Amino acid sequence: MTTAFLSATEIARRVKAGEASAVRILDEMMLRIQRFDRELGSLLAIAGDEVRATAVEIERKRKANEPLGPLAGVPIVIKDNIVTKGLTTTAGSKILAGWVPPYESTVVERLRKADALIIAKANLDEFGMGSSTEKSAFKKTRNPWNTSHVPGGSSGGSAAAVAAGLAAAALGTDTGGSIRQPAAFCGTVGLKPTYGRVSRWGVIAFASSLDQVGPLTRTVADAALLTQVIAGHDPRDSTSLDQLMPPLDTVGQVKGLRIGLPKEYFADGLDADVRKHLDATIDALKQQGATIVDVSLPHTALALPAYYIIAPAEASSNLARYDGIRFGKRAEAQDLLDVYMKTRGAGFGPEVKRRIMLGTYALRSGYYDAYYKKAQQIRALIKKDFDEAWATCDVLLTPTTPHAAYRFGAKATPLDMYLGDVYTLACNLAGLPGLSVPCGLSDGGLPIGAQLLGKPLDEQTLLRVGAAIEAAVGLGDKRPTGIGGLA
Amino acid sequence: MSSLTRKEVEEIAFLARLHLEADEVSAMQTELGAMIEHFKVIDGISCEGVEPMTHPIAIDLPLREDIVEPSMSTADALRGAPKVDGDLIVVPAIIPGAE
Amino acid sequence: MSKTIAQLLEEYEPVIGLEVHVQLATHTKIFSGSATQFGSPPNSLVDPVVMGMPGTLPVFNKAVIELALRLGIATGSQIRTKSRFARKHYFYPDQPKGYQISQYDEPLLEHGHLDLLLGGAVKRVNLTRIHLEEDAGKNTHVGAVSHVDLNRAGAPLCEVVSEPEITSAEEAAEFMRSLHRLVRWLGVSEADMEKGHLRCDANVSVKKRGAKELGVRTELKNINSFRFVQNAVDHEIARQLRLIESGERIQRETRLWDAEAGQSYTMRTKEEANDYRYFPDPDLPALVIQGDLMASVVRSMPELPIARFTRYTTAGISPDDARTLIGERALADYFEAAVTAVGDNTKARAVGNWIVNELLGRLNADGKDISSSPMPAAHIGALVKLVEAGTISGKIGKEIFDESYKTGEDPAALVEKKGVTQISDEAQLWEIVDRVVTANAKQAAEFASGKDGLFGFFVGQVMKQTQGRANPVITTELLHKRLGR
Chain A
1 MTTAFLSATE IARRVKAGEA SAVRILDEMM LRIQRFDREL GSLLAIAGDE VRATAVEIER
61 KRKANEPLGP LAGVPIVIKD NIVTKGLTTT AGSKILAGWV PPYESTVVER LRKADALIIA
121 KANLDEFGMG SSTEKSAFKK TRNPWNTSHV PGGSSGGSAA AVAAGLAAAA LGTDTGGSIR
181 QPAAFCGTVG LKPTYGRVSR WGVIAFASSL DQVGPLTRTV ADAALLTQVI AGHDPRDSTS
241 LDQLMPPLDT VGQVKGLRIG LPKEYFADGL DADVRKHLDA TIDALKQQGA TIVDVSLPHT
301 ALALPAYYII APAEASSNLA RYDGIRFGKR AEAQDLLDVY MKTRGAGFGP EVKRRIMLGT
361 YALRSGYYDA YYKKAQQIRA LIKKDFDEAW ATCDVLLTPT TPHAAYRFGA KATPLDMYLG
421 DVYTLACNLA GLPGLSVPCG LSDGGLPIGA QLLGKPLDEQ TLLRVGAAIE AAVGLGDKRP
481 TGIGGLA
Chain B
1001 MSSLTRKEVE EIAFLARLHL EADEVSAMQT ELGAMIEHFK VIDGISCEGV EPMTHPIAID
1061 LPLREDIVEP SMSTADALRG APKVDGDLIV VPAIIPGAE
Chain C
2001 MSKTIAQLLE EYEPVIGLEV HVQLATHTKI FSGSATQFGS PPNSLVDPVV MGMPGTLPVF
2061 NKAVIELALR LGIATGSQIR TKSRFARKHY FYPDQPKGYQ ISQYDEPLLE HGHLDLLLGG
2121 AVKRVNLTRI HLEEDAGKNT HVGAVSHVDL NRAGAPLCEV VSEPEITSAE EAAEFMRSLH
2181 RLVRWLGVSE ADMEKGHLRC DANVSVKKRG AKELGVRTEL KNINSFRFVQ NAVDHEIARQ
2241 LRLIESGERI QRETRLWDAE AGQSYTMRTK EEANDYRYFP DPDLPALVIQ GDLMASVVRS
2301 MPELPIARFT RYTTAGISPD DARTLIGERA LADYFEAAVT AVGDNTKARA VGNWIVNELL
2361 GRLNADGKDI SSSPMPAAHI GALVKLVEAG TISGKIGKEI FDESYKTGED PAALVEKKGV
2421 TQISDEAQLW EIVDRVVTAN AKQAAEFASG KDGLFGFFVG QVMKQTQGRA NPVITTELLH
2481 KRLGR
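Going down the list, the sequences are from chains A, B and C. For the first sequence, my numbering begins at 1 and goes up steadily by one. For the second sequence, my numbering begins at 1001 and goes up steadily by one. For the third sequence, my numbering begins at 2001 and goes up steadily by one.
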């Protein structure tokens, strides 16, 4: 029987108990990748001898009765904007094609220490800028539920690989919804922890004040397991919180919990099918004893413009280092100016250029106050909305996206694309934890995600409510069928 | 009508050191113009006295002890560099100090 | 006939502001743990942060804030309890991230001052700000290519920005010297000019004397020695005055000083000026100065050189000697230890003389500095005590100094050993004087008849009889008495 859809928790249990072999699990996963990823397109660099050596070492440790980590033998893929020492890391960009990092990111270091198997790098929108993974410089990733649909993005490769059983779990990054939105589109769980929970050391920056690493998994319990491993203070990241991650549980207990429904998230533009599944989710939670509270986050409509000023501004700065001088590709050039202009002109894709341009526009002298500073003030107002909401509720429930995964090319203009992020952006602006958990399939057979937004540092409540939703309206044993033989 | 002139687009591209083809300049003019239009909603919002939120979490800058850590080897540091000469990175000639 | 520069300077006054980058004396870089030592092989003091590699993040060095606070307190600056780092964007091969981490509208230190010593007086120059930033790497230009070495990238700097209150090239150079002395004194920087630890840019303009409005200014870059500062600023003042004299307009521009050619040339004009797109660095939360850190820095503050200068001159030391003595903290400390050894503060002037005129000359000739002096301060003190008490003559004192400097022996012991104590006993000296005059009756008669030049002959004879130990003052007195005039 296939182990491909076993949860990370179950794989680790079996490996530690000697009921499954890390090497066999790795081999099966690698075979599945060979067989299915040509069509799915979820992965970039695939690990070779090194990961096999890790699997062999795990087996040796088990036989020698040496202690094994909490992710023993769990095959994991890493979004390719997270640095992996010795394994090509490109951020989905031509400008970094072939770059082999000489150092390790903190999150991958922690996964390795937990005896995980780092099997591959996952495709993404270039530098995390996009919501469909169509902006990858290298390949198109398909939604495993229906290959004519996008997997979402920017962590589309991570979400697709996990949904399709090409990995037990994945790491993604979330700057404005890049974990939660593809998780919703592909029917996986996706958690964006509180800003500062997880180290950004080795995370290729898109927007430094918004970026956060988190897990994409098939179960809520797995999301908790991975978060437990990767979270915690890191002296190499000055924005890392000096807080221990308390032990997380996924007891689906919601009795007495006050769940807020922000009315701005259930307004015009929300697809009826999504609405229907959200209503069912709300009913289920109510039945389990949760109190449903109507709340308002009045500055919600301003999240989009604030985000699309702040994120590109920071990106234009973070991406200044890609100049073809110390690493990456350098264009043929006559003189120094030419090196910069052509390297960057040829190395970045259109979406990245657009954001760099937008960010440069907003930071110019004379424009800073009207754009960047104003956006940061609006950000404070958005944060205040949430702070006030916590007076009447413990957690917020919203749709993750206005609609299920769309067809390739469906979003005609950049602005159309950006508007798809309306429900996920505010969470990053306010630095809050956010969880997307599947809450059913649309009439078209595509997954729909429910989003939970929590108080700062309260990942625990999100996971408990997430577990309740998973149990009540989750996908259960439903597997994606977009590619023949997958499930 | 776009709120950005072609010249402005070219100036911004130069500041960002991005070579844009003529058709890219046109596309940017339209697309950035649309975004800037969209941004106008924030103009009407009064933010009088609101402290800009620079960081999502309120922490003080951590201080690191002044203790030397081993450097990377020069070979590791330069391995990914497109053009080197011995231990040095090579770029086309630059005018001294003209940053 | 055109006016001379001196004539033009009667009509116009120069207005100069300086920006000096001071490299702080830390072991590691401002935002990562790589070492900062000078002269290492290229690209060997680097790490992923210094290289600006994707995914890297800055972590601030605690020593930087301690050193900067010392400078802030010494310059009487207002200390911002919550300051911020900002990113300053420009593309250049020695700038690994495409931006420099600096401080912009919320600098650590503001509104301080630097005291200059000008001709024995103290002149106060106000400082606009002192902020923290990281250094860039180094580009070397070799024909058609340039080489990039990032060893220096990320070295911690304080940028000291003066108000435009400096009015001559001499003052500008003196500003640099004073800052150099101060940062060394405080241990804030090694301030080795050869290693580029102090680098200066100057903003220069001229205006009609008495006018309120400033003229168009130019920025001179890359003037990295005291002499270059003086030459470059002098040259720029003259250049601007000549332009005005010939009716031309001064361009707002940045000029690069070529020390070898003794000329400057345009680096970029105002139109080419950068838009640095500053914004608060999202990777670095605000730098908050905690009370206990502040208190410990305050406790560690030494007395400042200018305060000592004032104290020394008040004690009767000449401004020149006082200035020399405060040149270095070790020297000033040495001086004070020597005065303590004498045990009499009224002898400070004499101690100063011995150190400035004798000791420093010898040390200099031997290529030594005060900390490697073979003569400890106590020995200088002992020597001064012997001379001032009249135990030995000044002449013998110099011999003893030489001996003590060479052998490291205590001057008091040397005097004892050599029996060179000065003879001040009048009866003893009278006997010798009497004997000398009696034995040279012919010369005594000639002196009596008005041959004044012979007095020295008698002094010499007495010194010969006493191996130079006769107290010259008493000897002179007794000779006059004995010779009758």
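Since the hints were derived computationally from the structure, they do not count as laboratory data. This structure is a prediction, so every number in the text was calculated from the model and none was measured. Among the clues, some could well be false.
Stated by the list, open to error - Facing chain A, a subset of chain C residues (Cβ under 10 Å, in silico): (1) Phe2031; (2) Pro2093; (3) Phe2226; (4) Gly2247; (5) Ile2250; (6) Leu2483.
Cβ atoms here follow ideal geometry from the backbone N, Cα and C, with glycine treated the same way.
Which of the numbered hints are not met once you compare them with the structure shown? 3, 4, 5, 6
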